[in-house]
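Protein chains: 2
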Amino acid sequence: MPERYFQHTFENGLALLAEKMPGMQSAAMTLLVGAGAAFDPPGGSGTAAVLSDLVLRGAGERDSRQLTDHLDSLGLQRSSSVGVHHTRFGCAALASRVIESLAAYADIVRRPRLPEDGFQAARDLALQGLSSIEDEPRQKVLIKLREWHFPWPFGRNTMGEKEHLEKLTLDVCREHQAGSYHAGGAIIALAGNIEFDQVHREVEKRFGSWRPRTNPAPQRIPPPGRIHHEARPSEQTHIGIAYPSIEETHEDYYLMRLAVEALSGGMSGRLFTEVREKRGLVYNVWAGYNSLKGYGSIMGYAGTSSDRAQETLETFTGELYRLADGISADELERAKIGLKAATIMQGESTSSRSGSIAHDYFMRGRIRTLDEIKAAIDAATLDQVNAFLKKNPPGPFTIVTVGPKELKVPA
Amino acid sequence: MPERYFQHTFENGLALLAEKMPGMQSAAMTLLVGAGAAFDPPGGSGTAAVLSDLVLRGAGERDSRQLTDHLDSLGLQRSSSVGVHHTRFGCAALASRVIESLAAYADIVRRPRLPEDGFQAARDLALQGLSSIEDEPRQKVLIKLREWHFPWPFGRNTMGEKEHLEKLTLDVCREHQAGSYHAGGAIIALAGNIEFDQVHREVEKRFGSWRPRTNPAPQRIPPPGRIHHEARPSEQTHIGIAYPSIEETHEDYYLMRLAVEALSGGMSGRLFTEVREKRGLVYNVWAGYNSLKGYGSIMGYAGTSSDRAQETLETFTGELYRLADGISADELERAKIGLKAATIMQGESTSSRSGSIAHDYFMRGRIRTLDEIKAAIDAATLDQVNAFLKKNPPGPFTIVTVGPKELKVPA
Numbered sequence: 184m185p186e187r188y189f190q191h192t193f194e195n196g197l198a199l200l201a202e203k204m205p206g207m208q209s210a211a212m213t214l215l216v217g218a219g220a221a222f223d224p225p226g227g228s229g230t231a232a233v234l235s236d237l238v239l240r241g242a243g244e245r246d247s248r249q250l251t252d253h254l255d256s257l258g259l260q261r262s263s264s265v266g267v268h269h270t271r272f273g274c275a276a277l278a279s280r281v282i283e284s285l286a287a288y289a290d291i292v293r294r295p296r297l298p299e300d301g302f303q304a305a306r307d308l309a310l311q312g313l314s315s316i317e318d319e320p321r322q323k324v325l326i327k328l329r330e331w332h333f334p335w336p337f338g339r340n341t342m343g344e345k346e347h348l349e350k351l352t353l354d355v356c357r358e359h360q361a362g363s364y365h366a367g368g369a370i371i372a373l374a375g376n377i378e379f380d381q382v383h384r385e386v387e388k389r390f391g392s393w394r395p396r397t398n399p400a401p402q403r404i405p406p407p408g409r410i411h412h413e414a415r416p417s418e419q420t421h422i423g424i425a426y427p428s429i430e431e432t433h434e435d436y437y438l439m440r441l442a443v444e445a446l447s448g449g450m451s452g453r454l455f456t457e458v459r460e461k462r463g464l465v466y467n468v469w470a471g472y473n474s475l476k477g478y479g480s481i482m483g484y485a486g487t488s489s490d491r492a493q494e495t496l497e498t499f500t501g502e503l504y505r506l507a508d509g510i511s512a513d514e515l516e517r518a519k520i521g522l523k524a525a526t527i528m529q530g531e532s533t534s535s536r537s538g539s540i541a542h543d544y545f546m547r548g549r550i551r552t553l554d555e556i557k558a559a560i561d562a563a564t565l566d567q568v569n570a571f572l573k574k575n576p577p578g579p580f581t582i583v584t585v586g587p588k589e590l591k592v593p594a
Numbered sequence: 184m185p186e187r188y189f190q191h192t193f194e195n196g197l198a199l200l201a202e203k204m205p206g207m208q209s210a211a212m213t214l215l216v217g218a219g220a221a222f223d224p225p226g227g228s229g230t231a232a233v234l235s236d237l238v239l240r241g242a243g244e245r246d247s248r249q250l251t252d253h254l255d256s257l258g259l260q261r262s263s264s265v266g267v268h269h270t271r272f273g274c275a276a277l278a279s280r281v282i283e284s285l286a287a288y289a290d291i292v293r294r295p296r297l298p299e300d301g302f303q304a305a306r307d308l309a310l311q312g313l314s315s316i317e318d319e320p321r322q323k324v325l326i327k328l329r330e331w332h333f334p335w336p337f338g339r340n341t342m343g344e345k346e347h348l349e350k351l352t353l354d355v356c357r358e359h360q361a362g363s364y365h366a367g368g369a370i371i372a373l374a375g376n377i378e379f380d381q382v383h384r385e386v387e388k389r390f391g392s393w394r395p396r397t398n399p400a401p402q403r404i405p406p407p408g409r410i411h412h413e414a415r416p417s418e419q420t421h422i423g424i425a426y427p428s429i430e431e432t433h434e435d436y437y438l439m440r441l442a443v444e445a446l447s448g449g450m451s452g453r454l455f456t457e458v459r460e461k462r463g464l465v466y467n468v469w470a471g472y473n474s475l476k477g478y479g480s481i482m483g484y485a486g487t488s489s490d491r492a493q494e495t496l497e498t499f500t501g502e503l504y505r506l507a508d509g510i511s512a513d514e515l516e517r518a519k520i521g522l523k524a525a526t527i528m529q530g531e532s533t534s535s536r537s538g539s540i541a542h543d544y545f546m547r548g549r550i551r552t553l554d555e556i557k558a559a560i561d562a563a564t565l566d567q568v569n570a571f572l573k574k575n576p577p578g579p580f581t582i583v584t585v586g587p588k589e590l591k592v593p594a
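Protein sequence lines, in the order shown, are assigned to chains A and B.
Position 98 of the first sequence, counted from 1, bears residue number 281 in the numbering used here, the numbering being contiguous throughout.
Position 283 of the second sequence, counted from 1, bears residue number 466 in the numbering used here, the numbering being contiguous throughout.
Source of the hints: derived by calculation from the structure; they are not laboratory data.
Just so you know, not all the hints are guaranteed correct.
The list treats identical chains as one, so a pair stands whether inside a single copy or across any two.
[Unchecked claim] Subject to a maximum C-alpha distance of 25 Å in a straight line, what follows is the list of computed SDA-like cross-link-like pairs (lysine to any residue): (1) Lys-523 <-> Leu-325; (2) Lys-523 <-> Gln-260; (3) Lys-591 <-> Arg-248; (4) Lys-591 <-> His-359; (5) Lys-345 <-> His-412; (6) Lys-523 <-> Met-546; (7) Lys-388 <-> Gly-196; (8) Lys-573 <-> Gly-367; (9) Lys-388 <-> Gly-266; (10) Lys-461 <-> Gln-303; (11) Lys-461 <-> Arg-293; (12) Lys-588 <-> Pro-576; (13) Lys-461 <-> Gln-249; (14) Lys-591 <-> Glu-330; (15) Lys-203 <-> Arg-187; (16) Lys-461 <-> Leu-553; (17) Lys-588 <-> Gly-391; (18) Lys-591 <-> Gln-311.
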């Protein structure tokens, strides 16, 4: 039986990860470039967002139209996004087409044309996207939660800031692309119906001579406070809650994940049953683990009618505090089954796996195998989970609300 | 090589579909019950929505808590939703667990407890969900578009109406459950790592004696008009456009799908390039085929800043009219590749496949194989697609807008 996983680091710093998935016809690729929003230039919030669009408007031998047509003619299901640490380009298709697309993606990140007319359109769209958030309070509360929870620039809105985008120039974009799109810290991950030799050769050919620079670490500034309210005339109130947790590389990581699963996994999770099912307080409530490098957090959301918002906030924080008293053997058992089931389902999606192995490498420097994850989940005992919860009570809370009036934050 | 597909209709009218997917460990189930929003009692819009929650609050030997815990202890990733024709229950997990869950799902649809306290919470949540739409204009415009495009009750908001939900009683729910949850017209579809014999036996055991009634077809009332505006103080305007198309069973179905793919598939689709990329008019624009039984439609959306809304509407309808002039050979080629790639990707997801084979049976009375779909796409010629487009120009349009001011509808 051939090995399922493959890992190689090229001399220029580019990491290549690959996973062979039996039974698949497709493959998926995730390409992470170290140009996340945290590295946007001072006064240039949104540069990465504009660039992530602009680099696709012509690259190498192809102009914008030719590039788009070429990628679509490979049948690629494409996506791109800007995160805190990286700009991400992803695609999925028949495996041979994904391999074929590597040449075009090398053009996109190494030889983008960055045309003037494309810049105007890309910046306009970034501004439009930003103002559309005013009509999406559920998204807005989570953006604001990050701004008030993480130190700057890790809490930056990855979509940018209006004032910065309005002043952004093509020259700044060109300079930032030259300075932040390089092999140092870049990760390319493929999963699906692939041959390691072929992938290795093709990635070496297309990316092997990519510049090796890396970004300097940005300076950190603490967030402005922990409690924030945005007034909005509406009958709804949107609540975002966050508090620090352990990092993903911590030895107690799986204990924490199991506890969060008992809190908010499946339909039997405490938040769902206590806040939603029993009390009918909210139409949407969840909490989950959020992982940045250097910052593990628990983040949660509740959306409710404004007359129930105060009770919802109190019930929500009440459930978080109650978690410190420990979970039951039944809850742990269901949490284990739920996490393992999710692992199995993700193991059947080439897109999930290419994203996961890229993330693993960034966080841990290596791929976690599916068997390793399942074994770690199985090994956790109730005593361990409850000892972890006792040692790590929730708080201090960052609480952001969007709605007609401010809430009283529980002591 | 064993057959990939299985189809059987029980004496009570229940249809069982199954698809064996090599290489998968998981399976997914889709259960469609003929209790869609179109069948809600007069004055009782939202009954199906409340019921879809209420039937999960205890069934057979299990009370609400026991049922939730049981389903989560199988590791099921669950969902449920109310559509026009059906209420849908779905799950995915390790294949053996999905088979095991059939007994509980039979309890849910055949022996729900429908408790009083659960009814209050389910109705409260339905009301909360409905009012949350006021904060989601992007969803709201599509809900309103359906109301103004389809004859009643097919355009009904599947979430219900506020006034009806406020007056809804448990008795009405109980009566509606008894009258609309039955084997006649119900469909159960499994896809993944399954054995047909075992699935057949288990479904027969759990659902074989389910009542055979079917719902009478509801009377139809034409929509109130074709142009509708909802005033909303905001800097954004949300535009919904719909016009009639052929039904899914029409012989020209794949020609239409290829044309829609050229219009709005991939990043090279006309709407994306003309409305978004070139002009930077909107942050989100799309059009797609919408299939109800008896009503094929093309539906589209554009979200934009209000000062660009008029130009966006005109460009959007302009692109729809321009489609009647035909597409190019290159566009057709990319459309074929795009549709086939999407088919391959869906063929690797147990959840997608269980949903697709259930939908196919409802629309066509049989499963379309993946090979059949690919062959039909390949067989379409440019002359056929363009003859279809010439014979079927767009219109009459239903146009719904949500924003600060009404737009001038192009002639």
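Against the structure, the hints:
Taking the shortest alpha-carbon separations for Lys-523 and Leu-325, neither the intra-copy value of 28 Å nor the inter-copy value of 37 Å comes in at or below 25 Å. Only between protomers do Lys-523 and Gln-260 lie at most 25 Å apart by alpha-carbon distance; the minimum there is 11 Å, versus 28 Å within a single protomer. In this assembly of identical chains, Lys-591 and Arg-248 lie within 25 Å of each other by CA distance neither inside one copy nor across copies; the values are 54 Å within and 32 Å between. Proximity of Lys-591 to His-359 under the C-alpha cut-off of 25 Å is found in neither arrangement, the shortest distances being 43 Å within a copy and 42 Å between copies.
Taking identical chains as interchangeable, the C-alpha atoms of Lys-345 and His-412 lie at most 25 Å apart only when both belong to the same chain, with a minimum of 20 Å there against 29 Å between chains. Taking the shortest Cα distances, Lys-523 and Met-546 sit within 25 Å of each other inside one copy (21 Å), while across copies they are farther apart (36 Å). In this homomeric assembly, Lys-388 and Gly-196 come within 25 Å of each other (Cα to Cα) only inside a single copy, at 15 Å, whereas the closest approach across copies is 59 Å. In the homo-oligomer, the alpha carbons of Lys-573 and Gly-367 never lie at most 25 Å apart, since the shortest distance is 40 Å inside one protomer and 53 Å across protomers.
Within a single copy, Lys-388 and Gly-266 get their C-alpha atoms no closer than 27 Å, and across copies no closer than 50 Å, so neither meets the 25 Å cut-off. When the C-alpha separation of Lys-461 and Gln-303 is checked against a cutoff of 25 Å, the pair qualifies only between copies, where the shortest distance is 10 Å, while the shortest distance within a copy is 51 Å. For the identical chains of this complex, Lys-461 and Arg-293 are inter-copy neighbours only, at 23 Å across copies versus 55 Å inside a copy, given an alpha-carbon limit of 25 Å. Within a single copy, Lys-588 and Pro-576 get their C-alpha atoms no closer than 29 Å, and across copies no closer than 50 Å, so neither meets the 25 Å cut-off.
Taking the closest pair of Cα atoms, Lys-461 and Gln-249 come within 25 Å of each other only across two copies (14 Å); inside a single copy the shortest separation is 56 Å, beyond that limit. For a Cα distance limit of 25 Å, the shortest separation of Lys-591 from Glu-330 inside one copy, 21 Å, qualifies, whereas the shortest one across copies, 40 Å, does not. Taking the shortest alpha-carbon separations for Lys-203 and Arg-187, both the intra-copy value of 5 Å and the inter-copy value of 24 Å come in at or below 25 Å. For the identical chains of this complex, Lys-461 and Leu-553 are neighbours neither inside a copy (36 Å) nor across copies (44 Å), given an alpha-carbon limit of 25 Å.
For the identical chains of this complex, Lys-588 and Gly-391 are neighbours neither inside a copy (56 Å) nor across copies (55 Å), given an alpha-carbon limit of 25 Å. Within a single copy, Lys-591 and Gln-311 get their C-alpha atoms only as close as 34 Å, which misses the 25 Å cut-off; across copies the closest is 22 Å, which meets it.
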